[in-house]
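Which chain is which? The protein sequence lines are A and B, in order. Note that this note's numbering numbers the first sequence so that position 12 is 12, with each residue one more than the last. Note that this note's numbering numbers the second sequence so that position 397 is 457, with each residue one more than the last.
It cannot be assumed that every hint is accurate.
To be verified - Only pairs whose alpha carbons sit at most 30 Å apart, straight line, appear in this in silico DSS-like list of lysine-lysine:
| hint | chain 1 | residue 1 | chain 2 | residue 2 |
| --- | --- | --- | --- | --- |
| 1 | B | K100 | A | K33 |
| 2 | B | K589 | A | K33 |
| 3 | B | K582 | A | K33 |
| 4 | B | K440 | B | K582 |
| 5 | B | K383 | B | K100 |
| 6 | B | K503 | A | K33 |
| 7 | B | K86 | B | K503 |
| 8 | B | K534 | A | K33 |
| 9 | B | K335 | A | K33 |
Said to hold, decoys possible - Restraint-style ranges between C-beta atoms, simulated for each label pair:
| hint | chain 1 | residue 1 | chain 2 | residue 2 | range |
| --- | --- | --- | --- | --- | --- |
| 10 | A | V21 | B | L437 | 44 to 54 Å |
| 11 | B | N540 | A | V29 | 30 to 40 Å |
| 12 | B | L461 | A | V29 | 18 to 28 Å |
| 13 | A | N32 | B | K383 | 47 to 57 Å |
| 14 | A | N32 | B | G226 | 39 to 49 Å |
The hints are simulated quantities; they were obtained by calculation from the structure and are not laboratory data. The beta-carbon is built from N, C-alpha and C at its ideal position, and this holds for glycine as well.
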Amino acid sequence: MLGFQDWGVTLAYVGTIVSAVICVVYGIVNWNKPRENEESEINEELEWEKNDPELKEGDI
Amino acid sequence: MNMIFLGFVVILYLSVIAFLGYRGYKRTKSTSDYLLAGRKIHPMIMAISYGATFISTSAIVGFGGAAAVFGMGVLWLTVLNIFVGIFIAFVFFGLRTRKMGHNLDAHTFPELLGRRFDSRFLQTAGGLLIFLAMPLYAAAIILGGAQFMSTTLAIPYEVSLVVFVGIVAMYVIMGGMRGVMYTDAFQGTIMFVSMTILLVTIYSSTGGVVAAHTKLTALAPQAVNIWGGAGHQGWTAMPVFWSPLWQQLVTTIVLGVGIGVLAQPQLVVRFMTVKSGHELNRAVLAGGVFIMMMTGVAFVVGALANVYFFEQTGNIALLAAGKKTDAIIPLFIKDAMPWWFTSLFMITLLAAAMSTLSSQFHSMGSAFGRDFLEKGLKVKIKDSITVNKLAMIAAILFSTLLAFGLPLFYQEGTAIIATGTAIFFGLCASAFLPMFVGAFYFKRMSATAALASFWAGIGVSLFALIFIHIKESKPLGLCNFLFGTDTLIPVLQNLDPLIMALPVSVITAVVVTFFSKPPSQKVIDKAFKNINK
Numbered sequence: 001m002l003g004f005q006d007w008g009v010t011l012a013y014v015g016t017i018v019s020a021v022i023c024v025v026y027g028i029v030n031w032n033k034p035r036e037n038e039e040s041e042i043n044e045e046l047e048w049e050k051n052d053p054e055l056k057e058g059d060i
Numbered sequence: 061m062n063m064i065f066l067g068f069v070v071i072l073y074l075s076v077i078a079f080l081g082y083r084g085y086k087r088t089k090s091t092s093d094y095l096l097a098g099r100k101i102h103p104m105i106m107a108i109s110y111g112a113t114f115i116s117t118s119a120i121v122g123f124g125g126a127a128a129v130f131g132m133g134v135l136w137l138t139v140l141n142i143f144v145g146i147f148i149a150f151v152f153f154g155l156r157t158r159k160m161g162h163n164l165d166a167h168t169f170p171e172l173l174g175r176r177f178d179s180r181f182l183q184t185a186g187g188l189l190i191f192l193a194m195p196l197y198a199a200a201i202i203l204g205g206a207q208f209m210s211t212t213l214a215i216p217y218e219v220s221l222v223v224f225v226g227i228v229a230m231y232v233i234m235g236g237m238r239g240v241m242y243t244d245a246f247q248g249t250i251m252f253v254s255m256t257i258l259l260v261t262i263y264s265s266t267g268g269v270v271a272a273h274t275k276l277t278a279l280a281p282q283a284v285n286i287w288g289g290a291g292h293q294g295w296t297a298m299p300v301f302w303s304p305l306w307q308q309l310v311t312t313i314v315l316g317v318g319i320g321v322l323a324q325p326q327l328v329v330r331f332m333t334v335k336s337g338h339e340l341n342r343a344v345l346a347g348g349v350f351i352m353m354m355t356g357v358a359f360v361v362g363a364l365a366n367v368y369f370f371e372q373t374g375n376i377a378l379l380a381a382g383k384k385t386d387a388i389i390p391l392f393i394k395d396a397m398p399w400w401f402t403s404l405f406m407i408t409l410l411a412a413a414m415s416t417l418s419s420q421f422h423s424m425g426s427a428f429g430r431d432f433l434e435k436g437l438k439v440k441i442k443d444s445i446t447v448n449k450l451a452m453i454a455a456i457l458f459s460t461l462l463a464f465g466l467p468l469f470y471q472e473g474t475a476i477i478a479t480g481t482a483i484f485f486g487l488c489a490s491a492f493l494p495m496f497v498g499a500f501y502f503k504r505m506s507a508t509a510a511l512a513s514f515w516a517g518i519g520v521s522l523f524a525l526i527f528i529h530i531k532e533s534k535p536l537g538l539c540n541f542l543f544g545t546d547t548l549i550p551v552l553q554n555l556d557p558l559i560m561a562l563p564v565s566v567i568t569a570v571v572v573t574f575f576s577k578p579p580s581q582k583v584i585d586k587a588f589k590n591i592n593k
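Can you make the complete structure from the sequences, with help from the hints?
Take a look at the structure:
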C-alpha cells in the first residue's frame, strides 16, 4: 500500500499522519476545556501573585 | 552558494535573536519570570518552543541520515514523538504538572518532584544529576552546531564554538526563560517553513507520493546487497525481526528516544509556563503538527534521498555521501535544492541547535542554582536570580569545555552527537520516569520508593553503558580492561540501556512503595488540590 513493501512501514507512515490528526482534533475539541476550573484557576493565579515570596517589591 | 546572501540571512537572523533576547531581559523581574517566564506564555509560543527544544540538529541531520540507511521504518519514531512526546506528554502529564506545580509553587522539574514527595534530598539529587549528565547532551549539541558553523562559514572550529556558545549564553543568562521561549518560537517558525518547502520539493522531484515510495521499494536489492546480512530488507520494509538492525532500530532509535522524551527536565518545565489548563490543550494541536513536520519530513527525505542519488549518480545515498551518515541530508540539500534554500536550511539547522541548547543551559543552570545550591545546600547570594545566573555560567563553561575535549578522546565526532543524546535521554527516563508517573497517578508512592527507583535507574543505566551496550562499552574500554571483553552479556549487546534500566526502575518503585511508609496526607492534599481523581 502507498508504494511500500511491508505493512510495518505502511503503519508507521499512516500512524505518523493519524497521530498528528489526533492532536489537531483533540486541540480543537478541548479548545476551551477544562472550563469548569477556569474560575478557580484565575483566583489561584491572583492568590499566587499576591503571596509569591520571591516577587520583588513593585513588580506587579 | 552565494556568500553575500548567506551573510545577509545570518545577520538578519542574529539581529532578530538579539532583539527577542533583549525583550525577554526587559520583561524579567522576578524569579518566577526567570525560571518559568512568569507562567503566562501564549499556548502557541509554548507549543513551538517545546517542539523546537525537543528537535535538535541531530534529529534532522543525524536521524534523517539514519533514515537513509534504515529506511522508512524510522517513522515509528515520529509516531512515538507525536503520540508519546506530544499527546501523552501534554494530556496525561502536562495538565497535572502545571496544576501540581502551581499547588506546590514549584519552579523546576526537581523542585516539583522534591515537593510532591516531600524530600529536599530528592530535589538536590535530581538537580545534581541534571547538572552532571546534561552537559554531555549539551556538549553534543554544541559540537554539532559549532562543527556545522565552522564548515559553512569557513571559520576555525574554536572560533565558531566560542561564537555559537556566546550568542546562546547571552540571551539565556540575560533573558531567562522568557528569552529562551521567545527565541525558540522564532527559531521553530523558521524550522517549520523550511521543512515544509523540503517536503514539497522531495515529493515533486521524485514523481509524487506513491510514485516516490514505489521507486524506493524497487531499490530494495541495493540495500539487501549491503546490509542484508544484518537484517535489511529494503528501505520501505522493516528489518528482519530481532536481527542486529532491528534491535538497533527498535530499541535505540524508536523506543530509546521515543519514550525517553517523557521525563526530560527541559521539556517538563514548559508545562508550568502557561496560564491555564486549556492552553495546554490548545498547544497539543500545534505541537503535533510541528513534530510531524520535523522528524516526519526529515525521515521521509532521508529515505527518499536514496531515489534521488540513485537516479542522479547510480549510487545510494550513503555511498554518494562518502559513507558518512551525517553528510547525507546536507549533501541532498546542496545538490537537489535551489541555491537560496541552502542558506535558509543553514539557518534552520542553526536555529534547531540554538533552540535546544538554550533550554539545556537554562535547565542546567536552574538545576544547579535553584535545586542544588539554593534549596539543597542553602546557599544564599544576594538574590535568587543572581544564584541562577552564576550557576548557568558554571554550567555553560562546563559543557563548553566538554565540547572542546570530547573530540580529543573520541575521533568519530559525528557519532558522539547521537550517542550523547541517547545516553542522556535514557538516563533521564530511567531515573525520573517511574517517579514522574507515580507523582501524578499513585498517591501511595513514597519518597523512599521514588529515591530507590532513582538510584536503581541510574545504577542499571551506568552498568549497561559500561559493561553491556557495546556501542558505549567498547569505546569506554573499562569492561575490556577489567574482564578482557567488550561486553559481559553478548546477547544483550545491541539492546539500549533504557530497555534494561527502565523496567528495573519501575519494579523497584512498585516494590518499595508497598514496603515503605506512605506520604503524609497533608502533602498529598496540597499537591492534588483541584486535580480530579
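Go ahead and decide if the range 18 to 28 Å is satisfied by the Cβ distance of L461/B to V29/A. 49 Å, violated
With the threshold set at 30 Å, check whether the alpha-carbon distance from K335/B to K33/A stays at or below it.
Distance ~13 Å between K335/B and K33/A Cα, so the pair holds.
Distance restraint between K383/B and K100/B, which requires alpha-carbon spacing of 30 Å or less:
48 Å, violated
- 30 Å limit on alpha-carbon distance, applied to hinted pair K100/B and K33/A: It holds: about 17 Å lies between the C-alpha atoms, which stays within 30 Å.
Hint check for G226/B and N32/A - Cβ pair distance inside 39 to 49 Å: 43 Å, holds
I want to verify a distance hint. Is the separation of the beta carbons of N540/B and V29/A within 30 to 40 Å?
56 Å, violated
Q.
Check whether the Cα positions of K589/B and K33/A lie no farther apart than 30 Å.
A. Judged against 30 Å, a Cα distance of about 18 Å means the pair holds.
**Item:** Pair hint K86/B and K503/B, alpha-carbon separation not exceeding 30 Å
**Value:** 41 Å, violated
- When you check the alpha-carbon spacing of K582/B and K33/A, does it fall within 30 Å? Given that 30 Å is the threshold and the Cα spacing comes to 29 Å, the pair holds.
Check your understanding: Is it true that the CA of K503/B sits at most 30 Å from the CA of K33/A?
Key -> 25 Å, holds
Proposed proximity, K582/B with K440/B (alpha carbon, max 30 Å) = Between K440/B and K582/B the Cα gap is close to 29 Å, so the pair holds against 30 Å.
Taking only the CA atoms, is the gap from K534/B to K33/A under or equal to 30 Å?
51 Å, violated
Of the numbered hints listed earlier, those contradicted by the structure are 5, 7, 8, 11 and 12.
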